[in-house]
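Chemist: Which chain is which? The protein sequence lines are P and Z, in order. First residue of the first sequence? That's 3 in the numbering used here, and the numbers climb one at a time after it. First residue of the second sequence? That's 3 in the numbering used here, and the numbers climb one at a time after it.
Be careful, since some hints might not be right.
One copy or two, either will do: identical chains are not told apart, so a pair holds if it fits within one copy or between any two.
[To be verified] Capping the alpha-carbon separation at 25 Å, the derived lysine-lysine pairs in PhoX-like fashion look like this:
1. Lys158 / Lys176
2. Lys7 / Lys95
3. Lys98 / Lys7
4. Lys158 / Lys26
These aren't lab readings, by the way, just hints derived from the structure by calculation. Predicted model, so just to flag it, every value in this text is computed and none were measured.
Number of protein chains: 2
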Amino acid sequence: MEVKKLSLKELGRPSLESYKMAEKLNCIVIADNIRSGQNIGALFRNADAFGFSHIYLTGISPVPPNKEVLKTALGATESVAWQYFQDEELLIKWLKDNHVKLVVVEQTSASTSLGAFRPNLDEKYAIVLGNEVDGVSPVFIKNADLCVEIPQVGTKHSLNVSVCAGIVMWHFFKELTAI
Amino acid sequence: MEVKKLSLKELGRPSLESYKMAEKLNCIVIADNIRSGQNIGALFRNADAFGFSHIYLTGISPVPPNKEVLKTALGATESVAWQYFQDEELLIKWLKDNHVKLVVVEQTSASTSLGAFRPNLDEKYAIVLGNEVDGVSPVFIKNADLCVEIPQVGTKHSLNVSVCAGIVMWHFFKELTAI
Numbered sequence: 003m004e005v006k007k008l009s010l011k012e013l014g015r016p017s018l019e020s021y022k023m024a025e026k027l028n029c030i031v032i033a034d035n036i037r038s039g040q041n042i043g044a045l046f047r048n049a050d051a052f053g054f055s056h057i058y059l060t061g062i063s064p065v066p067p068n069k070e071v072l073k074t075a076l077g078a079t080e081s082v083a084w085q086y087f088q089d090e091e092l093l094i095k096w097l098k099d100n101h102v103k104l105v106v107v108e109q110t111s112a113s114t115s116l117g118a119f120r121p122n123l124d125e126k127y128a129i130v131l132g133n134e135v136d137g138v139s140p141v142f143i144k145n146a147d148l149c150v151e152i153p154q155v156g157t158k159h160s161l162n163v164s165v166c167a168g169i170v171m172w173h174f175f176k177e178l179t180a181i
Numbered sequence: 003m004e005v006k007k008l009s010l011k012e013l014g015r016p017s018l019e020s021y022k023m024a025e026k027l028n029c030i031v032i033a034d035n036i037r038s039g040q041n042i043g044a045l046f047r048n049a050d051a052f053g054f055s056h057i058y059l060t061g062i063s064p065v066p067p068n069k070e071v072l073k074t075a076l077g078a079t080e081s082v083a084w085q086y087f088q089d090e091e092l093l094i095k096w097l098k099d100n101h102v103k104l105v106v107v108e109q110t111s112a113s114t115s116l117g118a119f120r121p122n123l124d125e126k127y128a129i130v131l132g133n134e135v136d137g138v139s140p141v142f143i144k145n146a147d148l149c150v151e152i153p154q155v156g157t158k159h160s161l162n163v164s165v166c167a168g169i170v171m172w173h174f175f176k177e178l179t180a181i
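Can you make the complete structure from the sequences, with help from the hints?
Modeler: What follows is the structure, encoded as structure tokens:
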């Protein structure tokens, strides 16, 4: 069988305008004090790929038009709605008031293994990814509805944060769209 | 409930020596002409986290002790066995002779959706990730036993290659270890 790589046209990606109008997952991703612009840019690409509705950024996370963010996001900063929150407590209050489940990605004493978690189509979710060194901030952990972790067998204690985000976002996308 | 972040000690990661002795997945990852040292470093972290047996690098892929690779791999270049192959045809012949299934990650006319693919514990797999711009080389596509792709709904045509690798490697790890 002749197998050929699909061209950009054959991939049939939506235009920026039609993507913005399209229905999204009821899923937000929160960048909690992520230091690297490259990691933030990759988060935008992940959110674009998997149809997340918004990216919320807090703390030291760089925001567009930061040069590293734009360079890595390759245009996804235009397709994905985003907002910066100075006050994390206010963001958490807004999420709670709007019945958004706070899902913290962190290795904690009460974490569920990612593969065992089944998101529900009737719920709204905000997935929190934390700082490259210190992980998710205590205020998010304290207010989490759920902590999930990616089980690992290696010598290191963590994956790169944008890789980790991609795996968790893929899991939500796969489970919620049955693709 | 008091939820607390686990310390490095509580995470109970294996030592370098015990990790090297431990049984691995029958899975190799191949970096086919990946340009960025940061992406190669992230591949090493992925391979360490998910217990892949080897990383094989070809073409322009930078190899340890490249500075960017070491900086991003955070020590995983010590825990994961790796080898550079000048000749991709020779590598493919070796894989075929050793009954390793070649799984190419690419959007092609014959790709299976990642979520629908069930790897088999009795098989050996080599997962091929390609160049950041051009994707997987034709010689790997021509010799692939299977092409898989990560379904996406966004305006961009691809995820970052280390994120893409992480998602595919997580899928194999999850399916093969039932974690």
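Chemist: State for each hint whether it applies.
Modeler: Outcome of the hint check:
Taking the shortest alpha-carbon separations for Lys158 and Lys176, only the inter-copy value of 18 Å comes in at or below 25 Å, while the best intra-copy value is 27 Å. Taking the closest pair of Cα atoms, Lys7 and Lys95 come within 25 Å of each other only across two copies (22 Å); inside a single copy the shortest separation is 47 Å, beyond that limit. In this assembly of identical chains, the alpha carbons of Lys98 and Lys7 lie at most 25 Å apart only when taken from different copies (22 Å versus 45 Å within one copy). Taking the shortest Cα distances, Lys158 and Lys26 sit within 25 Å of each other only across copies (15 Å), while inside one copy they are farther apart (34 Å).
This entry satisfies every hint, going by the numbered hints stated previously.
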